[in-house]
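J.: Protein chains in written order, with the working numbering: chain A, 34 to 315; chain B, 34 to 315; chain C, 34 to 315; chain D, 34 to 315.
Treat the hints with caution; some may be incorrect.
Because identical chains cannot be distinguished in the list, a pair is counted as satisfied if it fits within a single copy or across any two copies.
Stated by the list, open to error - Below, computed lysine to any residue pairings styled on SDA-like, alpha-carbon distance capped at 25 angstroms:
id: 1; residue 1: Lys87; residue 2: Lys312
id: 2; residue 1: Lys82; residue 2: Leu242
id: 3; residue 1: Lys312; residue 2: Leu92
id: 4; residue 1: Lys136; residue 2: Leu206
id: 5; residue 1: Lys87; residue 2: Leu206
id: 6; residue 1: Lys82; residue 2: Leu206
id: 7; residue 1: Lys312; residue 2: Asn93
id: 8; residue 1: Lys180; residue 2: Ile195
id: 9; residue 1: Lys180; residue 2: Ala192
id: 10; residue 1: Lys180; residue 2: Leu194
id: 11; residue 1: Lys82; residue 2: Thr240
id: 12; residue 1: Lys82; residue 2: Gly209
id: 13; residue 1: Lys180; residue 2: Phe191
id: 14; residue 1: Lys180; residue 2: Val159
id: 15; residue 1: Lys59; residue 2: Leu141
id: 16; residue 1: Lys116; residue 2: Ser177
id: 17; residue 1: Lys312; residue 2: Leu253
id: 18; residue 1: Lys87; residue 2: Leu242
id: 19; residue 1: Lys45; residue 2: Ile108
id: 20; residue 1: Lys115; residue 2: Arg43
id: 21; residue 1: Lys115; residue 2: Ile127
id: 22; residue 1: Lys115; residue 2: Leu65
id: 23; residue 1: Lys116; residue 2: Gly209
id: 24; residue 1: Lys180; residue 2: Gly58
id: 25; residue 1: Lys136; residue 2: Val63
id: 26; residue 1: Lys115; residue 2: Cys309
id: 27; residue 1: Lys45; residue 2: Ile101
id: 28; residue 1: Lys136; residue 2: Ile252
Don't read these hints as lab results, they were simulated from the structure. These figures come from a predicted structure and were not determined experimentally.
Okay, here's what each chain looks like letter by letter:
Number of protein chains: 4
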Amino acid sequence: MSDTKTQNWRSKLHDIIYEADTRAGKAFDVILLIAIIASIILVMLESIKSFDEKYHTFLNISEWVITILFSVEYITRIITVKKPFKYIFSFYGIIDLLSTIPKYISLLFGGVHALAALRALRLLRVFRILKLARYLGASNLLVSALKASRAKISVFLFAVLILCIICGTVMYLIEGEESGFTSIPVSVYWCIVTLTTVGFGDIAPVTPLGQFIAALIMILGYGIIAVPTGIVSAEYTALGKKDKNPQIPPIPLNSQSCENCLAEDHRDGAEYCYNCGEKLHF
Amino acid sequence: MSDTKTQNWRSKLHDIIYEADTRAGKAFDVILLIAIIASIILVMLESIKSFDEKYHTFLNISEWVITILFSVEYITRIITVKKPFKYIFSFYGIIDLLSTIPKYISLLFGGVHALAALRALRLLRVFRILKLARYLGASNLLVSALKASRAKISVFLFAVLILCIICGTVMYLIEGEESGFTSIPVSVYWCIVTLTTVGFGDIAPVTPLGQFIAALIMILGYGIIAVPTGIVSAEYTALGKKDKNPQIPPIPLNSQSCENCLAEDHRDGAEYCYNCGEKLHF
Amino acid sequence: MSDTKTQNWRSKLHDIIYEADTRAGKAFDVILLIAIIASIILVMLESIKSFDEKYHTFLNISEWVITILFSVEYITRIITVKKPFKYIFSFYGIIDLLSTIPKYISLLFGGVHALAALRALRLLRVFRILKLARYLGASNLLVSALKASRAKISVFLFAVLILCIICGTVMYLIEGEESGFTSIPVSVYWCIVTLTTVGFGDIAPVTPLGQFIAALIMILGYGIIAVPTGIVSAEYTALGKKDKNPQIPPIPLNSQSCENCLAEDHRDGAEYCYNCGEKLHF
Amino acid sequence: MSDTKTQNWRSKLHDIIYEADTRAGKAFDVILLIAIIASIILVMLESIKSFDEKYHTFLNISEWVITILFSVEYITRIITVKKPFKYIFSFYGIIDLLSTIPKYISLLFGGVHALAALRALRLLRVFRILKLARYLGASNLLVSALKASRAKISVFLFAVLILCIICGTVMYLIEGEESGFTSIPVSVYWCIVTLTTVGFGDIAPVTPLGQFIAALIMILGYGIIAVPTGIVSAEYTALGKKDKNPQIPPIPLNSQSCENCLAEDHRDGAEYCYNCGEKLHF
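So here's chain A without its partners, still in its complex pose (with noise of 0.2 angstroms):
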């Protein structure tokens, strides 16, 4: 009877983690969201020499605070899940023990909470808790217009990256060590900047033919920007389409997560798990 009542407490705990369907769910979700928040404000506040000086100790303590909590939260997430090593090994389970851990180690060496900078990764929990929003369909359709012309995009920059590789050392040919070209690695790391039209000015051409061959190089680039953005122009107008005129009607998801595989993306009143076949619960 002990261990139904235990099975309830964990499974109330895990839907309130792991889901966003219920109130409490919610509350979580937006609690975590700021936490992750005031955790990264926290880094970036400790890295400006000036402020750290003054208010040392409140930083010290408030990071003190979110480490507990974010300890909390993994302890609970390992917990209330059956398969505990499949959330330890789970890209999210990696990246909030790495943003955890640094503090502690803290204790032991100095300066290893650089690391605590892993925490910016947590705020990717941001696109789950979103999902729920309307930006959920939003989301959907960009990652899959990105993922339709992954393949056009990869041989695209390559191309771009052999184009940088010629025209740097011809550069460096050119304009010789007192341009800034010391070597190749940088002239092509200076075409680079040029190319992508950035142009930080840290390094520019200063002969006559080497202004020549980078004019020649900022229009190149001006004209091949227009690649990348007609190839994911396309997809998406062509994924729009098909959004639109839908053959299948597009079935409900919720935000339930299987207890067992931790498997997301349910459609609405589905009883077991299209992964695993564990029962869900509600």
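Since the structure of chain A is already known, use the hints to place chains B, C and D on it.
T.: This is chains B, C and D only, laid out in the frame that chain A set:
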């Protein structure tokens, strides 16, 4: 009888100030536009020190002329509308007030005239005035396309922001303070400058590893700039198509503004306000 | 009889100079193009001090050769056309004159030869000459797409300008004169440099708040660069479709130019000018 | 008999080196790819002075190993093909030679090894090797879209160039030599840097009029960057549509290369070269 006269007088002024279908209304709008542009140029000239020293008296007098003109306009707007508070607390009402009072306040305290820069916001009225012209359609379609792709662009910009926070932190750890990456916020700022292909060059990586990662960020930025373009492009094409095969012919609108509730975009020939039922006059 | 001869002689010269359907006409166009490019290169070389000092005599003589050639061409154009004033006050007529006279004026006064830079405008003739080639279609469709989206792009650029004025003023108030934001016009200039993702870096924000707002401006600029692209892309697709399913087959045009009114784009086989009724000859 | 044996041996080697359908052919391609990348990295490392000083002997030996490998490959390619001169004077033949000989020449003269940078061109072979993979389709469509829009983009880039010459000359006249606009070519270079939104900042306008015109150029550049994107986007969409509703199913190709004329892209199952009638073997 005198009451009806006042009514007529107020009604006529309302038509001139708030609408642009009559000759006097058009003339008023053009004069107002010129006054707004003149006032902005004045604030700009005042900010140039060498110019201000030479022509201080001229600038001061012109400022007062413009301020008094705007005050008169503001008061007339309040008088001629039936529900003055609706205007006062509307977007344009607040801007009109804020762009008029700084000069008065500067009599009591000094240096508040920087607020006069808010006058630039009055330029937005231009859109209302240009509505009359053939730009109306263009502007509306543009706004619709942007509205339709708002959710998608938000998701995209949010993803870019997370990317910048992660990359910025990495660059801070690699480059350190000697290269100008003095804190994580500054690093994130640099990352935004780079990813958006602006590339000021006030901060630039100097270590080979930093330059390598910077090159990756740039190529990434070059690749993903295609995403918002693709989104807007697709939305715009979709909207344009709807526009060209309209099931329902577009309703011709005029520039009437309801005296009671300030609602606009009444259809040609409408006798009553679609929003509050107030009688419209021509 | 001699009059008819003169007529014939004038008519033939007209065909050579103004048209490109005959062999002599094509040859003339190519030679003219080479002369224009040579004249531009001369002006460029002259502006390089070290080069000018070495080869001053050579440059001066070449300049005179080109100038005399252009003068002869200009006079012939006036003689061979029936209504000379129409040519003289046409766009090309004015450019032809302005790119020829500076050298003569420099005999009386010094240093006016900077006007010779106007010769670059003569390069626009290239489009007329290239019209003959397969580029005709491409160039026309391009111009049509730009014309069709003119109103929309104007609205967009105007909105961008207002945004720059507002942001520029805000940055001036935040950054102050130490960072290089010396006046509002300079701030607006910086804002345009940033929003268009050019980013010279001659002026860059140094305060945290300034950098934060600069980051917002950049992300905004990154997002809205999609708008003109989307507009042109949609117009171009629409025009291209019309082009491919034409109800009326495109009329083949030739490079005939009416001797009387200079009208161009006559259809193949036309006997009389569509504009003034003058007889055309082949 | 021995002749047939030689024939077989040559034929087999030909299949390995020029084709990629056999296991040995694939392995050869991968090894060649690794060798090319290694050779490029070697040239890059050599150009870094501090690195070259430390590991000069190691770099020199590695260079010789790579050079000998490439020499062997080059000679084998000549032997195994039926018409060696066709290979020697083909694009890849010349690149292969030029990227191999510099090391030999450096024995006689010094410092010619800069030519080794030409090896980067060998990277283009990657496209042939990757052709086998699913990238084939993507790469072909990309090339087709670029070819289809070549004429239009040429017209566009030409118009941009004329614009840059005109604007550059104007900026030279306005800014003068104090601001870095030392000659018209430099001004044109600056103009290209600005219009393409690269913006190095090594040269930047300082006079108010110069900054005003620079702002106009930037806004123009921001507006017209839409043109090539629109062109490619439209072409790509059009090509993609044709691709999806093909009247004729796409013919499956293999990586066979004719021993006689080096023609590629033979259809699966073809027995004879479509170009010269030579028997193909598998």
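J.: Each hint: holds or not?
T.: Hint-by-hint comparison with the structure:
1. Lys87 <-> Lys312: Classified as neither; 54 angstroms inside a copy, 65 angstroms across copies.
2. Lys82 <-> Leu242: between (45 angstroms within a copy, 17 angstroms between copies)
3. Lys312 <-> Leu92: neither (45 angstroms within a copy, 63 angstroms between copies)
4. Lys136 <-> Leu206: Classified as between; 17 angstroms across copies, 49 angstroms inside a copy.
5. Lys87 <-> Leu206: between (51 angstroms within a copy, 22 angstroms between copies)
6. Lys82 <-> Leu206: Intra 42 angstroms, inter 14 angstroms, cutoff 25 angstroms: inter-copy only.
7. Lys312 <-> Asn93: neither (44 angstroms within a copy, 66 angstroms between copies)
8. Lys180 <-> Ile195: Cα proximity of Lys180 and Ile195: in one copy and across copies (23 angstroms, 20 angstroms).
9. Lys180 <-> Ala192: Close inside one copy (19 angstroms) and across copies (16 angstroms); limit 25 angstroms.
10. Lys180 <-> Leu194: Cα proximity of Lys180 and Leu194: in one copy and across copies (21 angstroms, 20 angstroms).
11. Lys82 <-> Thr240: Result: close only across copies, 15 angstroms inter versus 42 angstroms intra.
12. Lys82 <-> Gly209: Between copies only: 12 angstroms across, 39 angstroms inside.
13. Lys180 <-> Phe191: Classified as both; 17 angstroms inside a copy, 19 angstroms across copies.
14. Lys180 <-> Val159: Intra 21 angstroms, inter 23 angstroms, cutoff 25 angstroms: intra and inter.
15. Lys59 <-> Leu141: The answer is neither: 37 angstroms in one copy and 52 angstroms across copies each exceed 25 angstroms.
16. Lys116 <-> Ser177: neither (30 angstroms within a copy, 48 angstroms between copies)
17. Lys312 <-> Leu253: neither (58 angstroms within a copy, 42 angstroms between copies)
18. Lys87 <-> Leu242: between (53 angstroms within a copy, 19 angstroms between copies)
19. Lys45 <-> Ile108: For Lys45 and Ile108, only the intra-copy Cα distance (15 angstroms) is at most 25 angstroms; the inter-copy one is 62 angstroms.
20. Lys115 <-> Arg43: within (10 angstroms within a copy, 63 angstroms between copies)
21. Lys115 <-> Ile127: Within one copy, since 17 angstroms is at most 25 angstroms while 58 angstroms is not.
22. Lys115 <-> Leu65: Answer is within: at 22 angstroms inside a copy they meet the 25 angstroms cutoff, but 49 angstroms across does not.
23. Lys116 <-> Gly209: neither (60 angstroms within a copy, 41 angstroms between copies)
24. Lys180 <-> Gly58: neither (31 angstroms within a copy, 31 angstroms between copies)
25. Lys136 <-> Val63: Result: close within a single copy only, 24 angstroms intra versus 45 angstroms inter.
26. Lys115 <-> Cys309: within (12 angstroms within a copy, 60 angstroms between copies)
27. Lys45 <-> Ile101: within (22 angstroms within a copy, 67 angstroms between copies)
28. Lys136 <-> Ile252: neither (49 angstroms within a copy, 33 angstroms between copies)
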